[in-house]
Amino acid sequence: MSDIQIPLDQLQKTCLYSSHVALQAKMSPFAGFMMPIQYSTIVKEHLAVREHVGMFDVSHMGEIFVEGPEAEAFINHIFTNEIRGFEPGKVLYGMMCYPNGGTVDDLLVYREFQPEHFLLVVNAANIDKDFAWIQEQAKGFNCKVDNASPVWGQIAVQGPEAEKVVMEVLGYKEAADLSFYTFCDVEYKGKRLILSRTGYTGEDGFELYTTLENTVELWDILLKAGVEPCGLGCRDTLRFEAGLPLYGDELSPEISPVMAGLGMFCKFEKDFIGKEALLEQKAGNLAQKLVGIEIEDNAIPRAGYPVELADEKQVGVVTTGYHSISLDKSICFALVDKEFAALDTPLNIRIRKKVFPGKVVKKRFYQTNYKK
Amino acid sequence: MSKVLEGLKYSESHEWVKVEGNIAVIGVSDFAQKEMGDITYVDLPEEGDEVNAGEEFGALESVKAASDLFSPVSGTVVAVNEELADTPEKVNEDAYAAWIIKVEMSDPSEVDALMDAAAYTSHIGE
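Chains as they are written, first to last, in the working numbering: chain E, 1079 to 1450; chain A, 378 to 503.
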């Protein structure tokens, strides 16, 4: 996403911008927004989420509501996962694809309690593109599409103590009854709050969607209660360790869900845009696949670094890489030619002038801790 | 407020140089380590490597990013602080104690082009 250049004065600010500045966060442009990268250090914030609890301003994310008699049929037409038979209060992860299988976006679909109502939560960088795509595809379906992103704030409370915080600090006892990927509607100051047991860290946690005013008040309450504010820096290290893709790095118009190893979120028993192309890829007709690679050194593979064979022939490129904070290993995601995607395949990574030997490993580097 | 030591010379790319006879001891400034955050890896050259003023000789890596290290002087690497391979955090703890390489200078006059403490303080805007 670093290739999108927006002049500084045109960057958007979330409703929590003043709080980030007051907390002296290191701010940086991300997905068209001025966002906090870190408040203290990435390592401290990362460990707060892994060991206790941390919170993120994710108000930049997009909320698109779809409602109407044919809303279900429509979403099932553009979404790779199967939403028929999935009950109100449930959340599903999946993608929207182009006819050629390339990824429009990865997103969450919420089936609301009101019949024929759905919420789609999309990536900040893709809000305009997604909304245009959804509106275009919705022609001919009896449903209404509304981009409500500007009026919804969102806080992610993540970590093993997240449930305790949501119940005791915010008073939402309903949290105890939610399993991972379910939600309920509650209120704060008379306004709707969607309490969703979801996240992007590999830990248990909640995402709270509500009005901008409520978001600011809730953030302050959580801050006063001692919840560690966490920036996008550790959001990336956390999601990466948990094997979760980032649109722009591991998914894109050129990288399909099947190439990214996310075929389990594509249901081929139904029809959806891109299905034929993805079926072809699934049958082996694809050039590259996303893999995990671990190297035997502390040097850090970064996005864009070449992946090579022993004879220095380049067979791929790193998409995200870190020296993992929780695992103390240098690991990365890389898109490699499919012949070299099998587990344990030896692959080298060129880091500046040196070459470091490594091998293909499972992409879920960290054992996730979700509430069943 | 970052620490700037008197008696050292500084480059625009935030390396410091301590001149000991014909030897330049090279590290990165306190300002640089603060900007980078937690340093997790130091990519070191080898003894005997030739370095040129203004050219890259290694890198520091934080969680988020890699920053190239540029040699402020030309010459031959005569010592490398191998301790940093296992304890890169020493650069964060005391950037002026954690030297990175020592270079036997081929042209000691190159040091004259570097900034003194006052000029460097103004360079980093503090």
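Since the hints were made in silico from the structure, they are not lab data.
Hints may contain errors.
Unchecked claim - When the alpha-carbon atoms are kept at most 25 angstroms apart in a straight line, the in silico SDA-like pairs for lysine to any residue are as follows:
| no. | chain 1 | residue 1 | chain 2 | residue 2 |
| --- | --- | --- | --- | --- |
| 1 | E | LYS1431 | A | LYS380 |
| 2 | E | LYS1437 | A | GLY502 |
| 3 | E | LYS1432 | A | GLY502 |
| 4 | E | LYS1407 | A | GLY431 |
| 5 | E | LYS1104 | A | LEU421 |
| 6 | E | LYS1407 | A | SER444 |
| 7 | A | LYS467 | E | LYS1437 |
| 8 | A | LYS467 | E | THR1119 |
| 9 | E | LYS1104 | A | GLY502 |
| 10 | E | LYS1432 | A | LYS380 |
| 11 | E | LYS1431 | A | GLY502 |
| 12 | E | LYS1122 | A | ASP463 |
| 13 | E | LYS1122 | A | SER451 |
| 14 | A | LYS380 | E | LYS1437 |
| 15 | A | LYS411 | E | ASP1406 |
Stated by the list, open to error - Simulated coverage check for chain E against chain A, where a stretch passes if three residues somewhere in it have a Cβ under 8 angstroms from a Cβ of chain A:
| no. | segment |
| --- | --- |
| 16 | 1108-1120 |
| 17 | 1374-1381 |
| 18 | 1395-1403 |
Since the structure is predicted, the reported quantities are computational estimates derived from the model, not experimental observations.
Here a beta-carbon is modelled for each residue, glycine too, at the ideal position from N, C-alpha and C.
Each hint, compared with the structure:
1. For a cut-off of 25 angstroms, the pair hint linking LYS1431(E) to LYS380(A) is broken: about 32 angstroms separates their Cα positions.
2. The hinted pair formed by LYS1437(E) and GLY502(A) fails the criterion: a straight-line CA distance of about 45 angstroms is larger than 25 angstroms.
3. Using a Cα cut-off of 25 angstroms, the hinted pair LYS1432(E) and GLY502(A) is violated, with the two alpha carbons roughly 35 angstroms apart.
4. Distance check on the hinted pair: LYS1407(E) and GLY431(A) sit about 32 angstroms apart at the alpha-carbon level, beyond 25 angstroms; violated.
5. For the hint pairing LYS1104(E) with LEU421(A), the CA-to-CA distance comes to about 28 angstroms; that exceeds 25 angstroms, so the pair is violated.
6. Between LYS1407(E) and SER444(A) the alpha-carbon distance is near 20 angstroms, which keeps this suggested pair within the 25 angstroms criterion.
7. The suggested pairing of LYS467(A) with LYS1437(E) is violated, with an alpha-carbon distance near 30 angstroms, which exceeds 25 angstroms.
8. At roughly 16 angstroms between alpha-carbon atoms, LYS467(A) and THR1119(E) fall within 25 angstroms of each other, so this suggested pair holds.
9. Between LYS1104(E) and GLY502(A) the CA atoms are separated by roughly 17 angstroms; this keeps the pair inside 25 angstroms, and the hint holds.
10. With a CA separation close to 33 angstroms, the supplied pair LYS1432(E) and LYS380(A) exceeds the 25 angstroms bound.
11. Annotation: proposed proximity of LYS1431(E) to GLY502(A) is violated, straight-line Cα distance about 33 angstroms (limit 25 angstroms).
12. For the proposed pair LYS1122(E) and ASP463(A), the alpha carbon gap of about 20 angstroms is at most 25 angstroms, so the pair holds.
13. Proximity of LYS1122(E) to SER451(A) is assessed by CA-CA distance (about 39 angstroms); at most 25 angstroms being required, the pair is judged violated.
14. For the hint linking LYS380(A) to LYS1437(E), the alpha-carbon distance of about 42 angstroms lies beyond 25 angstroms, and the restraint is violated.
15. Among the hinted pairs, LYS411(A) with ASP1406(E) is consistent with the structure: their alpha-carbon atoms are about 22 angstroms apart, no more than 25 angstroms.
16. Counting residues of the segment 1108-1120 of chain E whose CB falls under 8 angstroms from any CB of chain A gives 4; the rule of at least 3 is met.
17. Note: the segment 1374-1381 of chain E has 4 residues with beta-carbon separation from chain A under 8 angstroms; the three-residue rule is met and the coverage holds.
18. Counting residues of the segment 1395-1403 of chain E whose CB lies closer than 8 angstroms to any CB of chain A gives 3, which reaches the minimum of 3, so the coverage claim holds.
When the structure is compared with the earlier hints, violations turn up for hints 1, 2, 3, 4, 5, 7, 10, 11, 13, 14 and for no others.
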